[in-house]
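K.L.:
Residues per chain, in single letters:
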Amino acid sequence: MSDFQTIFLPFLILFGTIIICIVLEALDLDYRIFAPVTIIGGLFSLYSVILGIDSGITYVFGNSTDLFGLSGITGLFVIDNFSRFFAIIFLIVLLFVSTSSIDYMNSERNVGIYYILLVFATIGMLLVAAANDLIALFVAWELGSLPVYALAAFQKTRPETSESALKLFLIGAMSSAFILFGISLVYGITCSMVPTLSPPYNEYSPTNLRVVVLAFSNVNSYTPLHLLALIFLVVGFGYKMAAVPFHAWAVDVYQGTPTTITTFLAAGSKALGFVAVFRIIVAGLTEIDTIWGYLFAFLAILTMTLGNVVALVQENIKRMLAYSSIAHAGYILIALAAVTSSPISSVIGNLDFSVAEFSIAAAEMHILTHALMKIVAFTAVIVIAFSIHSEKIEDYAGLRKKHPWVTFGLTIALLSLLGIPPLGGFVSKVLLFFAAIYANLIWLAIIGIINSAISIFYYIRVIKLMIVDTPIEDRDDVTVIPVERVTPFSIPLSYQLSIFISVLLIIVIGILPAPFLELALSAARNILPP
Amino acid sequence: MLTQLSFGGLNIGILSLIFLLPILAAFPTWLVGCVRNELSKWFALIISAVVMVLAIIALTMYEHPPTGSWDLLEEIPWIEAIGMSYSLGVDGLSLPLVLLSGFIFLVAVLASFKEVHEREPAYYAMIMLLETGLIGTFLATDFILFYVAWELVLVPMFFLIGIWGGPKKEYAAIYFFIYTHVASLVMILGIIGLWLESSKYTGTGIGTFSFNELASMADQFGTGPLVLLIFLALLFGFIVKVPSVPFHTWLPLAHVEAPTPGSMILAGLLLKMGGYGLLRMGGWFLPDALSEFAWLVAIIGLVSLLYGSWVALRQVDMKSLVAYSSVGHMGIILLGCATQSPEGFAGAMYMQIAHGIISPLMFFVAGTIGHAAHTRDIPKLKGIAKNMPVTAGVMVYGSFASAGLPGLAGFWSELLAFIALFNWGEFGQVLALIGVLGIIFTAAYYLWMLQRTVFGDVNPELEHVHDVSHWSQYAVFGFLCFFTLLLGILPALLLDLMATASWPL
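Residue numbers (our numbering), protein chains in the order written: chain A, 14 to 543; chain B, 48 to 552.
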């Protein structure tokens, strides 16, 4: 396959999917056709991304005379293994979300628009992972965020949906403003710097990421402006990651939005913040003082501890999963602390990678497994909510009698979130802790393990309720049984499929992590300055 | 050296087969159970018998490697980035435990025939999962694989207690899970610490999880503050599993609530994981740290022995009594380990196996009585010898074996451990004298229990009870009694196997 195809095909297929959906919408065909179209488009796109793995680094949109100029490092976007790794994650999320939407959305109007927005958001997320320029990154960021605001408000009949959609929109707009302001400050710094740089950098655009990294790589030249710019960027991206103290919106939004979109937020959008931080900040901060390492370590401790402790007392399963998602953002932040507190050149023993590469790879692995675990968990929540009309944890009692397979899937996902071997969550967690150890942040790894111990309580509680406890209809002391508990509910194939495949992936990553880790390491190598 | 079995052109290591066969059979077990309910138990029986046969084949292939090396080794890199590999091997320390696992699982599946009637397919699938976890713990020669297998045990056991357990099963299951998982997390801190410590000596800059490499560094580890901390973290992980006073509270609860075959596996094998870890660590990786903390290990062992036996005296539930007797007997393992002498280690190892056979026997007796009489309360069980002569006879036999009657398996382990203790340092004799008190208590509570339950007039409420009648029950009794006697008469069988195991000579 030529360069052109390996680079643009994933995007072109997704755009084609959108166009087909628009045409079908205009033709006013059966609403059931959109989901298969989206899934097939997503699959082809995923396949083309996988085909492109290891086909080198390409910068695109380099200069105005040759729009598709496939050379020169000044491109707006860069297609490398890093962007491909996250493209795989985002496309997997798209596939599973659209699969479980088949039945979730079948009572809604304008389903075509729903899928179009999903694909648009996915394209935006793919572009964020590929951005090589602050302006391009911001545009892609908005493309990845705006459709999600609309999606979050999609079920207009539910009042809490509107509330949470508005909350998501306001917070999202605010974080975009933070990012934009941070970008403008960075521009101010780099604009005056570019002409003084040695060739070829003096030809670069001031917003090019390589220039930005250069501008921030010398801690001695820092002015208050540098710090302010970084703080604005970290805050802006922190909102998307739902890192403490920027997490408050996440819980309400996760609870209120349609659960398929909650999956999209928890598995996909959350990763967006990390992608941007890797591209801009981490790559620029590896050379400098360890103060950023401590800042990220502090954020990590705060995020995972708060997430885990508050999750202990949650009564609603979606809120519990939201807090668990916050806690997992904290685990991923461990890797950021590890990257930023070790010099980029520090190599681990006789292994062929550096601490920074390993840490970023560990974070990527955890983002991948976390996405899969959250897909299973939220899909199971959808099914159970349809069956028993409740999202309360205590209503999950004895669920195994009613839905043995969904219970099994949710149990695997929760055990994996808890970090029980040999599931994927265990492997990626161990990698994260080792990232901290390689970076000499042993205390951070210990705090991470203590946090894992705290998290046992709320995960195992759900498992115990579902599998061990007596269902409400079998108990002697309960006289009134809700009618939903006894009406049979057959689970649509779409949910079964998405739960089954993602559970399988969790187990496969747990048992054979090597190929995934290899890809993650080569992705990490791509974004770090040589 | 033959380490592989050939299937056509395919060569599979015998140990991998033992390790992976049960987990691969778990799903088919469930599947055939869905076709017809009773198929699953036969399937599980066949698989566990095959595993047992494979373990015996491994025994015939075993070539008594010299101290400090492995036999039948298999090694495949798993996650090279953190130096972790899939590696299995056996030596004199682990091979007897692998054989014991195969044997106890076979017996436990047989014991389930008349005990478990609810949701059989899932039950036997869980047993198969559990078998992989337990055997993996004993086979692993890589610390992370060891941890993976160690944790793999937790989930099926949680479900076995939680679904097929007694009246307070929910509480017991979650208590068991949280208690032992937290201990495992402390243990993994110790494992990571050991990795860090080993990175100083590997010469490559990164640490190692390999048992072999760690063992070769045992002399260099010394007794620095970090090493002592690592030792304490690992010790905590192990003694919770053993379990030793004061971390024993999960055990009686789990035992009382678990279904009888679950109790048999719990007492026969799960506790041995802790003892195995302790012996492995004490003998292989951190002998100097063990010498430093020998007093601590000895005191914990002694307190467990005395406290376990003392508390057992006043237990009402028969399963609870056997559970506390386990706490006491496992204390002897700690005592033997603390002496760091060949006799002490041999005694501890012998206790692992002997207790691994006798305690399942006692739990099966308790379970059978509970099943027939609908109660396990000792005061209510009067004169069961009349209506349940076989069970009562086995109970007398098992109690004497457990109390250490010469000629039965329990005797040799106590003898060896106490000889070692007697020769150990200046306080050894004092400790031995105090420890003998525990043995006396052990005899006392067993005799008192026998007097109250087996003999005397029949409780009128128990006129209707019937003795064991199913062949599977006779088989369980037969197997367990036979090996108790065999290891009592011919201790050399086991001691020879363990002779080259690596205790510091």
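These are calculated hints, taken from the structure and not from any lab test. Yeah, the Cβ is synthetic: ideal placement off N, Cα and C, and Gly gets one too. Fair warning: there could be bad hints in the mix.
As the list claims (entries may be wrong) - Cβ pair distances, simulated, as ranges:
#1 G29(A) x I93(B): 48 to 56 Å
#2 H418(B) x D487(A): 18 to 26 Å
#3 W418(A) x W495(B): 45 to 53 Å
What the hints assert, rightly or not - Which chain A residues stay away from chain B? Per the calculated CB distances, all over 10 Å, these:
#4 D41
#5 W262
#6 I450
Stated by the list, open to error - SDA-like, lysine to any residue: derived pairs with alpha carbons at most 20 Å apart:
#7 K433(B) x H517(B)
#8 K215(B) x R474(A)
#9 K415(A) x H517(B)
#10 K215(B) x E407(A)
#11 K180(A) x R122(A)
K.L.:
Each hint should be assessed against the structure and marked as holding or not.
P.N.:
Evaluation of the provided hints:
1. G29(A) x I93(B): 48 to 56 Å: holds (54 Å)
2. H418(B) x D487(A): 18 to 26 Å: holds (23 Å)
3. W418(A) x W495(B): 45 to 53 Å: Because 50 Å falls inside the window, the suggested range holds.
4. D41: With a cut-off of 10 Å, D41(A) remains clear of chain B, as the shortest Cβ separation is near 45 Å.
5. W262: Consistent with the label, W262(A) stays out of reach of chain B, its closest Cβ about 31 Å off (over 10 Å).
6. I450: Answer for I450(A): violated, closest chain B Cβ roughly 7 Å.
7. K433(B) x H517(B): With a Cα-Cα distance of about 19 Å, the restraint between K433(B) and H517(B) holds, given a limit of 20 Å.
8. K215(B) x R474(A): holds (16 Å)
9. K415(A) x H517(B): The hint is violated at about 34 Å.
10. K215(B) x E407(A): holds (18 Å)
11. K180(A) x R122(A): violated (23 Å)
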